[in-house]
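Asker: From just these sequences and the hints, can you work out the full model?
Residue numbers (the numbering used here), protein chains in the order written: chain B, 0 to 154; chain Z, 163 to 1418.
Derived by calculation from the structure, the hints in this document are not laboratory data. Watch out, some of these pointers could steer you wrong.
Unchecked claim - A short, non-exhaustive set of chain Z residues, derived as facing chain B with CB atoms under 8 Å:
| # | residue |
| --- | --- |
| 1 | 345 |
| 2 | 349 |
| 3 | 529 |
| 4 | 743 |
| 5 | 747 |
To be verified - When the alpha-carbon atoms are kept at most 30 Å apart in a straight line, the in silico DSSO-like pairs for lysine-lysine are as follows:
| # | chain 1 | residue 1 | chain 2 | residue 2 |
| --- | --- | --- | --- | --- |
| 6 | B | 94 | B | 138 |
| 7 | Z | 1200 | Z | 1211 |
| 8 | B | 106 | B | 52 |
| 9 | Z | 1295 | Z | 1306 |
| 10 | Z | 1200 | B | 94 |
| 11 | B | 94 | Z | 552 |
Just so you know, even glycine gets a beta-carbon here, dropped at the ideal spot from N, CA and C.
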Amino acid sequence: MRLILSVLFFLHTSIIWAQSQNTITFISAGKGKLAFTPINNPNNPSLEVVNGKLNLACQSKEGPMFQLNGIDIKKLKDRKAALNTAEVKWINIHKNEVSTGLLNKVKTSIVCKSCLQDDTIILSGEGNIFIKKTRYTFKFRFMGVIPPAQLIKTN
Amino acid sequence: MNKLSLTFLFLLSAGALMAQQTYSQEQLIENRKMEEAFQKNFESQRSRAEAIAKEKGVSLRKELTNGTIIEFAGFDERGNMLFDKTYNAGAGRTISTNKVWPGGTVGTSLTGAGMNNRLGVWDGGAVRTSHQEFQSRAVQVDGSTALSDHATHVAGTMVAGGVTANAKGMSYEAPLRAYDWNNDDAEMTSAAGAGMLISNHSYGTITGWDQQGSAWVWFGDPSISNTEDWKFGFYDNQSRDWDQIAFNNPNYLICKAAGNDRGDFLSGSSWEYSDGTPGSGTPPGLDGGSAGFDCIPTYGNAKNVLTVGAVNKINNGWTQVSDVVMSSFSGWGPTDDGRIKPDVVAAGVSIYSCISTSNTAYDTYQGTSMATPNGSGSLLLVQQHYNNVKKTFMRSATLKGLAIHTADEAGNAGPDYKFGWGLLNTAKAVQLISDSSGSLILERTLNSGSTFSQGITSDGVKPLRITISWTDRPGTPVAASLDPTNRMLINDLDIRLTRTSDNTIFQPYILNPASPNSVATTGDNIRDNVEQIYLAAPQAGSYLLTVSHKNTLTGGSQAYSLIISGQIAQPKAIISAANREICTGQSVSFTDASAGSPSLRRWYFPGGTPSTATTANPSISYSQPGKYPVALFVSNNLGSDSVYQFAYVTVGGQNLPFTETFEANSPTLSSWVVQNPNNDTTWRFANVTGTSPGNQAYCLPFFNMAGVGRLDQLTSPILSFRGHTNVRLTFNYAYTTDPGFPSDSLRIFISTNCGLNFTRLASFGATGTNNFSTAPATANFFSPANASEWGDTGRIVINLSAYSNLNNIRIRFEGYNNQSNNLYLDNITLYGTPAKPTANFFASKRTVCVNENIQFYDSTQNFPTSWQWTFTGANISSSNASSPGSISYAVPGIYAVKLRVSNAGGSDSITKTAYINVLPNPNKPNIRNVGPLQICKGDSSMILTDSTNNIASFQWYRDNQLIAGAVNPTLFIKDSGNYTVRAINSSGCGTFSDALLMSVFSLPPTPVITSNLSNDVFCQGGTVILTSSSNTSNQWYKNNSVIAGETNKTLSTQDSGLYFVRVFNGICSSKSNERNIRMNPKPPTSIITGEDSVTVGATHSYAVTGLTGSSFNWIIANGIAQSGLGTSNISVKWNSTINAASVKVQETSANGCKGDQQTLNITMFWPVGIADMNHIAKAVIFPNPVDASLFVTLTNSTAKHTKINIRNAAGAQVLEKETEYNGKPLEIDMSGLSSGLYLIEITSGNELYRQKFIKE
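Answerer: Printed below as a string of structure tokens:
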């Protein structure tokens, strides 16, 4: 029984640890915290590599979606600065609202062991964004597995 | 045709559109006149143009390659030929989307307006939402700013407003939500959750050959194949993900381009692989190979998306199979697992739409990118129509199934891997939704283990088509490989159609992926999540459709959509007639407009000739004036319907009193006829003041007329003075003159032969009574502004007594023009003194059954105003209605009916004796069940009636609906409902039985048992846990017997046996798989044999008896095994210290079962040395064993001081005594010691004596 309890405890902490791998906060000096709770789902955030760019989308329970787009996958592999062209978006599809933000490149990092397909990647960083005329500082930490690359074109 | 003509044609068109809303009679008449005039003008010009064209060798009509049509339109002022460029709505016409737009032939007005958040597009960049074609309806939701011509072009094909007519989109008033393709999966999921119904994706994986700049690159993987890119036809992770999105959002349809890869191949000799490695040797083959098949990349092969291929435009719409011409590039199937892709085709060649260069830029593109929005934009209109009719949206499987069901034939007969199921036809899809005469759309769910059945009847004329479509669970992609055949279908539903006359079974279409060009056959479809049965020329009669499934449905159930067309539905009687007001002696042409394709009909025309008919379009003449009813009864083998229209035909004219107000809501407004012999200004409606009710009057604007002596006639509807004397005509008018012009004239005529000849009644103005002005003369355009301008004299009364009692009257108001000023007429009234009525009546039926309803009709002459009916013996004994209905008699017999009528001229009555003959009904039949009244789905039961007395036939009903062909006393039933039987006697009268309720329970999903054992074998003493897949309603069985009380999801047992579980739904249950649980016995290990009293450091052997093949696990405490570990014999050397010691062993038999653990406790002693042996010989202890006192005698000792220690077997001192030995035996009290082995140490002087003894 003692062994079982130990395993359960370990699993529990593992689950909590997994949940805490994906976090993002939006804080405004004047309005406090913007509600944004990532949906607890193995596919959230979603990662894709399309035409050489890594894109990330994190869907919140409240409705809006946070996106980091256009991270050059080759630069990621070479461990060079890959965030120069990364695009930050906050999109509320339900209310037709969209905002773009800026990353603080110094405080934003990408960590992955070998940055190959199926490898785990950790994106963390911060930046600023205006959402509905309010300036928010956002901080994020996302973890996921780099999916197979896709090359797509219009038809 | 000159520009002025063009302008008027536009106005006519606009007027025609307006005509669908509201219109005035005058406008329609004017437009008709103008149209006739311009048509005559155009015809003369065209003759001239044809002559010129022939002379010059030019064409009067030309169709350009982009589908634009140029056609001769007329001559300009200088005599140059003018040409029109027609609307290039080629894409819309190709798939008949134009027919569902306002003004289209379908009669719907679908534009996509109001479909907010329902339509989306994902593309490679941003749509130019500011383009003039979008009118703020397109929103770039994700805020992307990198404009894309492609994205804008695609969006335009979907929703462009038609600012440039050539570029009009399919849903040209729909809002559109646009995204770029980054994070498309996440955004699609979110958008679908917010209610999006359709999205367009004109992009796909780069596969096979692709030209990148000037280089040709091959994107295949040579390690998999050197000749073909493995991604063609492959179901990859993206396919799975899109199928999952669709599965999670059952109303959301993803429209995907099939790709343009077919035939792609490098040009030149140098090429490279996608990683930049230069190509060498024989390059891979062209995409699709020489035959062109299997070239749709990756997620175009997803099961739940609608994959669209591209064909050439068909500017006049589909008329035959050969109209559909495949493009040179569109991707073909099959998928690697043999499924049919593309699903449909649409117009994708030379598509003109807006682009992002500027807000007014356009261009022509081609590709499956263009075909897909042609489809997706059109399918939004289909959803819009469904919602208009049903007040809900379709599932995506229904929309996809409907698109497939109504697609026009293309390519091979049936589906094929080039055109899929055919060319989209938006109009047919819309029409099927509205069709109540034989089409059906059902959205259902099939539970695992169950079957759905539906009866279908064919008329033997219309083709029968049945389509089933479902959103399947996502498949599991295999590892990247070339053309893997692993099937991706998860839940395999099946449809079969059985012809009940001979039990012939019809199966759905199937294709052979091994022979992709072959024509479709029929058989068991094991690949697709769409199946279709098609009978082009079915035999008339009954069929049974069944929907079932193979294996067990994953998830326990599967939602599906079923579409049926071509069947006979129960008819609905509808009467139509072209002209319902006629003169006596004329005929009315009737049309049976009933829905449901009735096979039998019977018309009733009381007062007409003939009085009955059975044809679809009878022509009936009426010789007598009056208002006449019409009745129509229709039937087919699914049922019958009837309709009665009271006072449907008016013969001889409108009765008096008659008043015409000329207001828009006047029921006789449209019956007035304007004749304009000079084709110029004539009678028209005008808004006026000073008269009531309302503000509309007829006006003859003499002020605007050119020329003198123009005549314009306004003729009344047919009027009847029948039954009236002292008839008077009166009307309001307003008129004045223009000074300097003589008065215009108003003449009034009467015709008594329906307008063939007219006689003048009166004349006012210049040609008659002079100066009938009601207002001061004015040189301005006169329009009466107040009541005084209608004047006291503005009411003329004409005596028509000479025409009393006549029919077929028409009154004509004729204006004679002197170019003076305007005349207004209003409130034309005819009245008279009614004659005394002559009472008469008739009934809908005179021979009826008990309680059968009868409709009575008043046919009294001379217009009664009150009625008094008497129905002696009926359910209603009297009535004041003019034509009472629902009169019935509860007792058989012959009954009289009386009617008394009156009006201002007097009263009259009539009694018709022996008028109604009421026949008896048979006795109420009994009804009883022979089988159970609660059955499970798929089972059947039997009910019957025993009644026979005076019964000629029976007819069974379920839920008050006639069961076709159920006419026997017994009935086998399989469906739930309230069943009744009607017994019918020889007179045709029937009586219903009581109702029997049949309940049909569906089988619960078949449960599955899992266990905690890997191979259903366990050891004696162990516990087996069996778990049912059903959370509730379980009953466990062992060896086919109920295990009492075991109804939980899990069963814990320690017994072997054959186990299964039943899951119940009411009386029905489903049995699980069986698990044969077997128990292996544990080994019967013996006790351990060997020395249990040992001295420290000694070695001893120990053994047990066990089973052959067993292993033995020995556990030694305070000793070390020397040999024999794992066997049944072991040698142990005991440790050199005295501690708790034991030997334990557990046997594990060859079958893995463990026996009971055996234990032997060991007592340890210190060893006794040689000197000690000598000393022990000098001491004697007795008795041994000892009970209470132990005596010690020292034989060799001379010392007197003696110390005695007694130690137990563990070596611990338990007693100590010192005494002086005097030669006599020392007594030691042992009563305080427990039984056991002890060691006594006797120290006397320098001598030490030791000896063991036992305390009892």
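Asker: For every hint, state whether the structure bears it out.
Answerer: Evaluation of the provided hints:
{"no.": "1", "hint": "345", "in the structure": "4 Å, holds"}
{"no.": "2", "hint": "349", "in the structure": "7 Å, holds"}
{"no.": "3", "hint": "529", "in the structure": "5 Å, holds"}
{"no.": "4", "hint": "743", "in the structure": "57 Å, violated"}
{"no.": "5", "hint": "747", "in the structure": "69 Å, violated"}
{"no.": "6", "hint": "B:94 / B:138", "in the structure": "23 Å, holds"}
{"no.": "7", "hint": "Z:1200 / Z:1211", "in the structure": "15 Å, holds"}
{"no.": "8", "hint": "B:106 / B:52", "in the structure": "21 Å, holds"}
{"no.": "9", "hint": "Z:1295 / Z:1306", "in the structure": "15 Å, holds"}
{"no.": "10", "hint": "Z:1200 / B:94", "in the structure": "59 Å, violated"}
{"no.": "11", "hint": "B:94 / Z:552", "in the structure": "28 Å, holds"}
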